[in-house]
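> Residue numbers (the numbering used here), protein chains in the order written: chain U, 35 to 561; chain V, 35 to 561.
No wet-lab data here; the hints were simulated from the structure. Please note: incorrect hints may appear among the correct ones.
The list treats identical chains as interchangeable, and a pair is accepted whether it falls inside one copy or across any two copies.
In the SDA-like style, the derived pairs of lysine to any residue whose C-alpha atoms are separated by at most 20 Å in a straight line are [what the hints assert, rightly or not]: (1) Lys-114 to Pro-182; (2) Lys-114 to Arg-331; (3) Lys-114 to Pro-42; (4) Lys-219 to Ser-341; (5) Lys-472 to Cys-549; (6) Lys-472 to Pro-86; (7) Lys-472 to Arg-482; (8) Lys-114 to Asp-216; (9) Lys-472 to Val-551; (10) Lys-472 to Glu-552; (11) Lys-462 to Lys-472; (12) Lys-472 to Met-524; (13) Lys-462 to Ala-448; (14) Lys-219 to Pro-561.
Single-letter residue listing:
Number of protein chains: 2
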Amino acid sequence: MTESAEFPSDRIVATYELHDTERSPEALAAAIALEQTVEVPQALADASDLPPGVVGEVERIDIGAGAARTVLSYDPAVVKAGGLPALINLVFGNVSMMPGVRLVDVVFPDHVLAGFDGPRHGVAGVRALTGVHGRPLLATALKPRGVPVSRFVEMAGAFARGGGDIVKDDQNLIDDFEAFKDRVKQCADAVDDANQRTGRRCLYLPYATGPLPALTRRFEYAARLGLAGVLASPFIAGLGIARSLARDHDLMLMAHPTFSGGHFVSRREGIDPGLLFGTLLRIAGADVAVFTNVGGRFRFTRDDCASIAARLRAPLGRLPPAWPCPAGGMTFEQLPGLCADYGPDAVLLIGGALIGHGEDLEASTRTYLDVIREASQERLESPAPPREFPFDAQAPRVLAHRPGFEWSRRPSSAYKDARDLARDLAFKGVRRVELVGKFGEGTHADLRYFEVEPGGYSSLERHLHTHIVIGARGRGVLVLGGRRESLSPMDIACIGPLEIHQLRNESNEPFGFFCIVEHDRDRPMPP
Amino acid sequence: MTESAEFPSDRIVATYELHDTERSPEALAAAIALEQTVEVPQALADASDLPPGVVGEVERIDIGAGAARTVLSYDPAVVKAGGLPALINLVFGNVSMMPGVRLVDVVFPDHVLAGFDGPRHGVAGVRALTGVHGRPLLATALKPRGVPVSRFVEMAGAFARGGGDIVKDDQNLIDDFEAFKDRVKQCADAVDDANQRTGRRCLYLPYATGPLPALTRRFEYAARLGLAGVLASPFIAGLGIARSLARDHDLMLMAHPTFSGGHFVSRREGIDPGLLFGTLLRIAGADVAVFTNVGGRFRFTRDDCASIAARLRAPLGRLPPAWPCPAGGMTFEQLPGLCADYGPDAVLLIGGALIGHGEDLEASTRTYLDVIREASQERLESPAPPREFPFDAQAPRVLAHRPGFEWSRRPSSAYKDARDLARDLAFKGVRRVELVGKFGEGTHADLRYFEVEPGGYSSLERHLHTHIVIGARGRGVLVLGGRRESLSPMDIACIGPLEIHQLRNESNEPFGFFCIVEHDRDRPMPP
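Put together the whole structure using the sequences plus the hints.
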């Protein structure tokens with residue numbers, strides 16, 4: 035898997051197996067190089083005066099006994115600008131549709147890997163969350179779908195009392211957001227109660243799925259409840275999406291393989307399972323990569339599984355190692371073999387067999403853990419305390435207003451930073467007070483107070499984000515496109531996306547206003 | 035493709051081809067039924083006292099000369115709750131990983147289809163946007179990546195002046211968001227200028243990709259610039275994501291097939307191309323479904339292409355028909371054949387061949403259109419006027435404050451609606467004024483004013499969304515968990531996610547405050 039390492043260290047190097055016998059390996063390699071980068075015929079590429087390196091380079095073609103292989107290198111600029119979606123498009127976007135072409139390896143320059151933060155928690159982080167060292171973690175799933183919620187709540191509690199490490203929603207447990215809030219809260223409480231009794235820290239991971247914005251809200255809700263993470267389906271949700279959401283909410287991400295099959299089930303096309311579940315899911319931020327183990331209901335080979343585990347743990351820039359999670363019909367009898375095959379840094383996900391092991395799930399969980407402990411050297415440490423969401427519930431919450439439009443704990447600051455000044459955004463005599471949004475509050479909007487001196491003005495600018503303005507002090511003028519409107523205290527205005535605007539003080543007294551903007555927003559542009 | 039129509043009309047009916055010879059069709063069908071729904075062994079499913087219909091039902095098994103086929107039916111409840119991601123998980127989630135199982139048809143009850151709005155514009159909508167009737171539309175792509183932005187701007191303008199219908203970014207054109215804003219604005223202006231000259235309306239569709247929130251912003255930017263739509267990659271971005279974003283911004287969605295290959299390139303597994311690009315992409319909201327045409331650089335058969343086009347146009351609940359867009363190496367010589375094969379309701383996407391046709395892209399575009407017109411009966415109507423974003427730039431923007439904390443054009447309303455009252459959210463003496471957010475402003479936050487009578491209080495509640503509160507009139511008490519803080523005019527407070535809170539008036543004067551919330555937000559829960 036590391037044959038690509040001898041090629042240009044400043045480019046992304048991808049290796050493909052070529053099973054297509056209709057075209058020569060040379061012709062196919064040249065076609066891939068064009069298809070994945072400029073997507074025009076060679077003659078047009080030649081005529082376009084392209085900077086060197088933009089077209090993919092065929093570095094090598096190997097024609098051996100089995101399938102031919104070719105190694106190509108690519109300019110990493112698009113990946114640096116567009117992240118994981120751009121990476122996928124670059125190494126296997128259109129080529130995924132070519133029969134007989136299989137992606138088997140990708141090697142990245144360190145400066146590209148530095149743009150991915152990968153697993154948020156990784157092996158060490160999840161060890162710290164659970165407090166369990168020296169042995170594989172035992173995980174289960176809440177199922178079957180269709181039983182009453184109270185049954186899932188009992189199961190979650192029993193598994194945690196029995197000493198289980200991770201209990202997750204089944205990926206078939208899907209309900210609307212308001213029902214999700216209710217069910218997840220009950221399951222989380224049951225696990226919390228069990229943890230209080232055992233002194234351990236079993237993690238409960240709800241399943242986050244759905245279209246936007248429901249998907250985002252499920253991640254956010256899990257975070258706000260203080261849960262350690264979520265189960266998500268990157269192959270349905272989008273490989274670039276789950277990571278963004280987990281990072282934004284500091285959640286551990288357990289990646290379910292649903293809908294991944296097309297990418298590997300043919301052995302002539304698609305992506306090598308080790309590369310897909312080991313390298314790409316790790317770059318996509320999976321802390322735990324669930325895959326179907328050899329000997330279960332699916333058909334990965336022993337080599338596939340070993341390759342996945344190896345790639346989740348191998349050096350990959352500064353990305354921490356992640357957990358392999360063999361699953362898909364594992365049984366009690368397979369436990370010793372699983373421990374031997376994967377070693378201590380694995381999550382063993384056993385659903386149906388554990389739930390059906392006996393009447394008493396708490397006792398069954400203990401029985402399973404006994405077998406795991408026999409095969410390992412368990413060391414328990416105090417688990418990390420429950421996550422505190424950054425919002426400090428004990429801090430004084432009210433920012434008291436003081437004479438002269440000052441606020442407690444919020445000093446005035448410069449109106450614009452140097453980066454904006456460099457963009458021709460001139461202004462005069464503006465004071466700024468950041469009130470809400472920059473202090474870990476977790477709000478989606480920021481609140482600022484601006485005060486303009488007599489004769490002063492804010493910069494004339496436009497941007498994608500919107501403003502809501504509330505007059506607070508004195509009288510000012512809102513310039514919107516070619517129009518002017520007067521703004522007095524308690525008057526309200528809003529400024530739409532890309533509208534050119536400015537606030538001016540043409541009076542002899544200070545003009546102050548509140549301005550509400552989106553927390554994540556684009557930078558202003560000159561008109 | 036309609037064989038499933040004879041099965042239960044209130045369930046989702048899926049047909050699979052079975053190419054796996056290691057298991058009998060009966061065993062495989064039974065395994066799929068369990069895998070896709072409850073994911074536990076049959077014995078455990080039997081013992082779980084499940085409501086009828088939760089487990090998938092094997093409706094039929096056909097063993098003929100070729101591959102065996104099985105028809106299964108599923109309970110649609112999860113899809114109604116979880117949308118397209120739940121649908122994908124239900125019909126082909128884990129089963130995608132089973133060798134030798136191919137999904138070839140899915141039939142939906144009308145009440146399930148009613149939950150998907152599908153293409154926003156469809157065939158009729160894009161006809162109205164362009165004003166072109168009776169002939170296929172001609173589309174091209176801005177490429178090759180690597181040439182200066184000014185070259186793309188020239189190309190976009192020349193294609194539009196030559197009478198082309200849709201010019202889109204190449205899916206390899208990926209840059210960071212601030213560079214994207216600049217490039218897209220220039221290309222959009224060039225097409226606008228050309229449209230002014232021709233009196234027609236060529237559409238420019240930029241490519242929206244990236245992790246969140248960059249992806250969302252690209253859709254939003256396109257909408258705010260007044261563009262008709264975007265090109266997106268649902269197979270990378272997530273099939274459920276592109277639709278949500280296009281709907282939120284009222285954009286036409288052109289779906290690029292990059293990274294889709296794994297889902298169909300093996301003929302033993304994956305999803306039938308007609309079902310994938312015709313039915314599923316249409317449910318996923320594609321107005322235009324790009325696929326690789328027979329005879330180009332890829333290998334769809336004539337039947338595959340005909341099936342895609344047929345499914346994009348066939349009755350499917352109330353979903354409008356969408357456009358097939360054959361692409362992938364189409365040439366000038368193929369134009370008459372394309373017109374004959376697809377008829378007038380097709381978008382013919384020709385990139386490299388058109389760009390490389392001659393020095394003068396405007397003249398080449400005319401030449402291509404002449405051939406298309408020869409094969410069709412073109413009727414030009416006045417195209418729809420450019421999209422106006424709902425924000426009305428001419429309306430007075432300032433809501434003037436009036437004595438007694440009333441505002442122009444914004445009447446007071448009830449504090450809570452009946453749905454909240456039914457949830458035990460008691461309150462007393464509260465007046466509400468919706469100021470910003472409910473009037474098509476396009477802001478991400480809503481601004482409301484609340485006024486509490488002496489002795490009154492808001493409901494004691496919590497929710498995932500946050501509040502920012504600004505004191506405006508009189509003096510009140512903010513109850514946060516077990517704490518109380520005083521709130522006077524111009525004091526600021528914020529209330530975090532899931533914090534239990536209430537605002538009370540314990541004085542003898544009215545207590546009024548502004549409250550800022552996210553525009554899209556969850557409903558309050560009792561403490």
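> Decide, hint by hint, whether the structure agrees.
Going down the list of hints, with the structure as the test:
no.: 1; hint: Lys-114 to Pro-182; in the structure: between (47 Å within a copy, 18 Å between copies)
no.: 2; hint: Lys-114 to Arg-331; in the structure: neither (39 Å within a copy, 28 Å between copies)
no.: 3; hint: Lys-114 to Pro-42; in the structure: within (17 Å within a copy, 50 Å between copies)
no.: 4; hint: Lys-219 to Ser-341; in the structure: neither (37 Å within a copy, 46 Å between copies)
no.: 5; hint: Lys-472 to Cys-549; in the structure: both (14 Å within a copy, 18 Å between copies)
no.: 6; hint: Lys-472 to Pro-86; in the structure: neither (43 Å within a copy, 52 Å between copies)
no.: 7; hint: Lys-472 to Arg-482; in the structure: within (10 Å within a copy, 22 Å between copies)
no.: 8; hint: Lys-114 to Asp-216; in the structure: between (40 Å within a copy, 18 Å between copies)
no.: 9; hint: Lys-472 to Val-551; in the structure: both (12 Å within a copy, 17 Å between copies)
no.: 10; hint: Lys-472 to Glu-552; in the structure: both (12 Å within a copy, 17 Å between copies)
no.: 11; hint: Lys-462 to Lys-472; in the structure: neither (24 Å within a copy, 34 Å between copies)
no.: 12; hint: Lys-472 to Met-524; in the structure: between (24 Å within a copy, 19 Å between copies)
no.: 13; hint: Lys-462 to Ala-448; in the structure: within (11 Å within a copy, 43 Å between copies)
no.: 14; hint: Lys-219 to Pro-561; in the structure: between (48 Å within a copy, 12 Å between copies)
Of the numbered hints given earlier, the model fails hints 2, 4, 6, 11; all others are met.
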